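With these hints in hand, go ahead and build the complete structure from the sequences.
These protein sequence lines are chains A and B, in that order.
Position 49 of the first sequence, counted from 1, bears residue number 83 in the working numbering, the numbering being contiguous throughout.
Position 7 of the second sequence, counted from 1, bears residue number 94 in the working numbering, the numbering being contiguous throughout.
Note that these hints are calculated values from the structure, not bench results.
Treat the hints loosely; a few may be bogus.
[Unchecked claim] With a straight-line cut-off of 27 angstroms between C-alpha atoms, the simulated DSSO-like cross-links for lysine-lysine are:
#1 B:183 with A:85
#2 B:98 with A:70
#3 B:144 with A:104
#4 A:70 with A:91
#5 A:91 with B:183
#6 B:144 with A:70
#7 B:144 with B:98
#8 A:90 with B:183
[To be verified] The calculated label-pair distances, taken between Cβ atoms and stated as ranges, are:
#9 B:183 with A:141: 30 to 36 angstroms
#10 B:125 with A:49: 26 to 32 angstroms
#11 B:168 with A:94: 43 to 49 angstroms
[As the list claims (entries may be wrong)] Calculated from the model, a selection of chain A residues having no Cβ within reach of chain B, i.e. all distances over 10 angstroms:
#12 54
#13 61
#14 86
#15 89
#16 90
#17 100
#18 112
#19 114
#20 116
#21 118
Note that the structure is predicted; figures quoted are calculated from it, not measured.
Ideal placement from N, C-alpha and C gives every residue a C-beta, glycine not left out.
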Amino acid sequence: GQQVMQIPQYQHVQEGEDFTTYCNSSTTLSNIQWYKQRPGGHPVFLIQLVKSGEVKKQKRLTFQFGEAKKNSSLHITATQTTDVGTYFCAGPSGTYKYIFGTGTRLKVLA
Amino acid sequence: GAGVSQSPSNKVTEKGKDVELRCDPISGHTALYWYRQRLGQGLEFLIYFQGNSAPDKSGLPSDRFSAERTGESVSTLTIQRTQQEDSAVYLCASSKRGGSGHSGNTIYFGEGSWLTVV
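This is the structure:
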């Protein structure tokens with residue numbers, strides 16, 4: 035079945051360092067979404083990418099959708115302690131549902 | 088309401104008992120999802136509702152799990168004869184319209200119902 039994998043599974047960075055998580059799908063995606071889940075919290079929508087090669091920025095966060103629409107990345111510049119959490123990508127599977135990636139848990143050391 | 092509301096927020100039940108988890112989606116949202124998240128794990132799709140119909144229930148792990156939605160609003164996830172492996176957070180989410188191929192189809196999650204089976 036369709037799989038959405040993320041690497042790395044965990045990442046510890048020093049505050050101020052950059053961070054990148056990569057999302058890879060076994061199938062071509064019509065769109066991809068990114069979510070952030072704070073410890074003990076629920077996933078919160080960050081962004082949706084639709085076009086091949088699309089790049090979107092939200093302050094220190096840069097999201098990219100691959101040319102083949104099978105992979106995506108989230109890059110955070112100069113991490114802050116508020117960036118702590120698990121970042122999930124999600125891709126559509128079939129007509130209705132989204133399959134979530136395995137997630138990357140980010141820890142920022144002050 | 089302003090967001091997706093779930094109840095109970097926490098539930099501890101004995102193995103073998105039945106539990107019901109409730110979800111109130113954002114008003115006007117036609118699509119409703121249930122996901123399960125085990126501790127430290129990713130989100131596992133359970134079921135999707137479009138209106139009151141469930142065109143995709145492929146993620147329900149066994150026939151002990153069932154869900155319904157009424158009035159194109161409230162949904163209830165029922166787990167019968169709970170087992171310890173059912174312990175997880177059950178997350179409900181809604182979106183304005185259904186279908187995973189649409190742009191702008193933001194999914195809003197509730198705080199989740201934390202279920203512990205002892």
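Status of the hints after comparison with the structure:
no., hint, result
1, B:183 with A:85, "holds (22 angstroms)"
2, B:98 with A:70, "holds (25 angstroms)"
3, B:144 with A:104, "holds (25 angstroms)"
4, A:70 with A:91, "holds (15 angstroms)"
5, A:91 with B:183, "holds (24 angstroms)"
6, B:144 with A:70, "holds (25 angstroms)"
7, B:144 with B:98, "holds (24 angstroms)"
8, A:90 with B:183, "holds (23 angstroms)"
9, B:183 with A:141: 30 to 36 angstroms, "holds (34 angstroms)"
10, B:125 with A:49: 26 to 32 angstroms, "holds (30 angstroms)"
11, B:168 with A:94: 43 to 49 angstroms, "holds (48 angstroms)"
12, 54, "holds (19 angstroms)"
13, 61, "holds (12 angstroms)"
14, 86, "holds (13 angstroms)"
15, 89, "holds (16 angstroms)"
16, 90, "holds (12 angstroms)"
17, 100, "holds (17 angstroms)"
18, 112, "holds (27 angstroms)"
19, 114, "holds (23 angstroms)"
20, 116, "holds (19 angstroms)"
21, 118, "holds (15 angstroms)"
Consistency note: the structure conflicts with none of the earlier hints.
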